[in-house]
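As given, the protein sequences belong to chains Y and H, one line each in that order.
According to full-length UniProt numbering, the first sequence is numbered sequentially starting from 1.
According to full-length UniProt numbering, the second sequence is numbered sequentially starting from 1.
It should be emphasised that the hints constitute simulated quantities derived from the structure, not laboratory data.
All C-beta atoms, glycine included, are put in the ideal place defined by N, C-alpha and C.
Please note: incorrect hints may appear among the correct ones.
Stated by the list, open to error - Label-pair restraints from in silico Cβ distances: (1) Y/Arg-292 - H/Asp-5: 36 to 42 Å; (2) H/Asp-221 - Y/His-41: 32 to 38 Å; (3) Y/Lys-80 - H/Gly-92: 35 to 41 Å.
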Amino acid sequence: MSTDPRLKRESASFHRNVIAEIQRAASEGIYEIRGFGAKRHLPSFDDLVFLGASMSRYPLEGYRERCASDVVLGSRFARKPVELKIPITIAGMSFGSLSANAKRALGLGATKMGTSTTTGDGGMTEEERDASAVLVYQVLPSRYGMNPDDLRRADAIEVVIGQGAKPGGGGMLLGQKITDRVAAMRTLPTGIDQRSACRHPDWTGPDDLEIKIEELREITDWMKPIYVKIGATRPRFDVALAVKAGADVIVLDGMQGGTGATQDVFIEHVGIPTLPALREAVEALQELDMHRKVQLIVSGGIRSGADVAKALALGADAVSIGTAALIALNCNGPLYEDDYKALGVEAGLCHHCHTGRCPVGIATQDTELEQRLDPEAAALRLRNYLSTMVLEAQTLARACGKSHLLHLEPEDLVALTIEAAAMAGVPLAGTRWIPGRS
Amino acid sequence: MITFDLDRAPLRELNQSLHDAAGEGDRRWRIVNPRGRHNIAVGMTQALEVEVAGHAGYYCGGMNQNAAITICGHAGQGVAENIISGRVRVKGNASQSAAASGRGGLVVIEGDAGARCGISMKGVDIVVGGSVDHMSAFLAQAGTLVVCGDAGPDLGDSIYEAVIFVGGQVGSLGADCIEKEMTAAHRGKLEGLLAQAGIDADASAFRRFGSARKLYNFHVDHAGEY
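Pulled out of the complex, with its shape left as it was, chain H reads as follows (with noise of 0.2 Å):
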């Protein structure tokens, strides 16, 4: 294991020797010392293991394309934001914007998360183990969202064709969104997603919402729905 300590070394050479490491060598890193520094580990294109050994700012595993990351603390804003694929997992909680527009891959929470997380998700599949904050999935386009515990006010406003799980209560639900069948498929879905996050909870106690589609196309008759 690579061991890179942040209070050494600025974040620049940190970003720059992952981008760079390709081909053979050692794998998996370890970054120490990250006290909530912003930008840590984005735009990675290899397929490496990195431990973040504290808690990180803005944007940890920003754009992240193959590697798999792990914060062992809480996560910043935007952590995982636009994650193309692989895996970016917070064994804390994260703050607001959580996998913000995550393209592919997956993010996993493992405590709780702010606001809007999801927000213009476009196919990432993301499980918080504990709740999220007001209008999480806002926008959200495709992928799932999972939450294990409660979910904010206005959960999945203006929501297209994400699909979201929770286990927990819905605070409200906002423009467009609405309950929808729990079938089989479904619950298959969502014990896969929880099996691959590794968060032990009942798929049967879910509930699964999404689109009622009805703000697809300019209407004057919905124009209160907004």
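One chain only, chain Y, in its complex shape (with noise of 0.2 Å):
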């Protein structure tokens, strides 16, 4: 027998991370839950590049000319649409699986920026509202926390349909984070796994959903522009029938999109990556002459500012960040690395919102972790970060000639590979190949 160590070969089917697997779900008998979003390999704007100015385009000179970055957001029937200064949105993500801390950092982050946040699952606190300049109030299957007052007294409204994470799944927020506050604010007793539900309670399909769209309206005398957030599966169809019920805006979250907890095999299995779901919604609204009239936001694995230009350029008016903005904010941040190691990981590998145990004090609702996130220091951070992608857009609209990140075009993208070519819709770099158009 060999001992030569050059002979010792992995299986490509069961690698050690598949063993593992098997051996958990023989030991537990159930399947793993877990936070953040899909880990496996997926086509995404890394695929992209950009094709800067040369001969035949106009650069813009980077320290000397403007380069725009306001965005409206509900213009089709609102009679208040949202303005934003910055295309960049922090995604819906509720409080409970959120502490108040980190709620209020998001908030105080995004308005410093000029941007909006976005509450979540079970309801809106005094201290998002607060921290929050504009801050837009999701309608979710679940209706925890759901009051008309609160309704009023946001900026917009999210009609929520799916996530990423999760397209035609329900929420779970465990036990360990179901504390006396968050179990009040949802009306269900202290300490139980909480389920929510994965249909809206009093509406099926489309031609329902418009008459739930006005509903909202009228109940907010037709001031509040409508969204209506869709994880990526068939976006095509999705983004026509959301056109159809009345959306103002449309919210599409791509696989790559975070959650607080759900099994993995549904983050990993279920959905479709955030660049083609984009292109095809952008193709939707094209073919509906409503691109740009009703706004389109992608969200899913958006993590820099060429993210940012890359899915401007592919269609959207803008971008929400989740996962990104709670790294902002120190998740899986080289601190407490005692309490990483009690969870099994290290920073940078953490995935354990779902337990509550968060070591920087952001997905969690124990009193004392909460404590180790300063909400005015974190929303700096946030703040810097999100600044930092905005001039990153900024520098390569201009290095494609552009005064508005809105002016950045398909034209100005080519792809790397030929996966991200079909699925972006954009030649193969060097070539003239879209593959699937010609």
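Once you've looked at the hints, go ahead and assemble the two chains, each given alone in its own frame, into the complex.
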């Protein structure tokens, strides 16, 4: 028998992660529930590059010529559309999943940059209303904490049909995080494993949704933009139906989108990546002559100004960030290493939002852990991160000769892989070939 | 009494007028020619008495606060959905998802209610003079559902702390919903609700249902019960 270490070969089908998961399932008899988003490799904005200006295009001077970043959302029907200074919003994340300090930090940081935050399952807290100059109020299937007074004091309303991490699935918040306050907001017993419904209780399908949207408009006297959030599965149809139902804004969440607690099998195996979902959504809007009339916000795996610029170039009006915003607050930061170790991980690998034992005080309801997050300091980090993303996006836009981020267009992009070319609908670099079109 | 004719003015004008009806003035409104229109008298905040003289479509009285709304006909889907306070009375039958996710107040349906009556209810009291169809009180969290007639299949599926009283037959109980003892206190509560609703029924004939609380926390041994 040879002992040559070069002959050791790991199975591609049964690699060590797979072996560990099979043995964990055999031991526990239940699926893994975790936080964070898809960890598998997926075609993404990384597979696209910009074609900066050269002989045939005229660039803008980076430090002299203006590149605007403002965006208006909800101009279709709302009497008071949302006006943002930057096209990067903060996605819906619940108080309950996140600590009150984390929600406050998100609100303060977003407000410093002139953008919006979004509530989440469980309703609106005073902290986030106070901290957020522009707050989007979610209407979710669970209707936890649903209140017409909060509808009226929101700046926009988002009807949530699905999210990228688990399209077709309801939510869950495990008992560790159902404190007295969270339980009271959701009208549930303290300490239970809370389930959120996957379907709305009082409507089914686009015809009903149209009536539901009219109800929300009537209750708020047609003042608020109505967003419709969908998890990316069949965006061509879902976007068209949301437009038909009367949405002002569509929020499209790709499968890289995060979650506070979901079955791993759901996170990794349901939905489509943000890249193809975006192209399909834009095409649906264009077919209806609604592109730029019904605004499109895309989310799921947005990390940098490059991602922002590429999403806008492909036709989005804005992007939304969740996981990245939490990372800016300090999620997975190299702090409190012993507490990461107690969860069986290290900083950079943590996905234990569901346990409520977040070492950095973000995804927790534990009063001691929560104190580890200083909302003022965390808000400053979020502001810096958002500012960096905008500067990066503007750098790329100027290089393409654009005086507004929304002037970026698909012609500014090429793809580095055949898959990305097909999914994004832009040519493979160095060719005129768009797979599936030519 | 103020009369508003939905044949002569649009729904938007009606709801705006109801929202703006603060302070002095006539507190009684009569809406004529509703003709099954959706979203009549939604988002009310004022303590007005509103009579809908005919059938209403979806969401009539949705998210009601303080108002007393009477529908003199049948009501469409989601009547009084997410009601916070006040009272909504349907003199006819109600379609599915009546009083869905209601958080307070009283909803009275003198006739029958369709499927999922009281789905996700969070504190509202609902009294149905007739029967309810399947999956009523699904995911019901708090409040009371009184059914004077029969209840369809899967009553109270995945129920939390809401209480159900049924005077007639129950098709079947949903996951984690069980029959519980009917004490004198429960009978007293039921009698009070029936009196509030103005419905004549013998409280001693009712049975009480609620949560077995076995599914409150995930446990692999209970996976087959969902």
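To see whether the hints hold, each was checked on the structure:
Separation of Y/Arg-292 from H/Asp-5 is about 40 Å and conforms to the stated range, judged on CB atoms against 36 to 42 Å. As the Cβ distance of H/Asp-221 to Y/His-41 is approximately 37 Å, the hint placing it in 32 to 38 Å holds. The hint said 35 to 41 Å for the Cβ distance between Y/Lys-80 and H/Gly-92, and at roughly 38 Å that hint holds.
Checked against the numbered hints given earlier, this structure breaks none of them.
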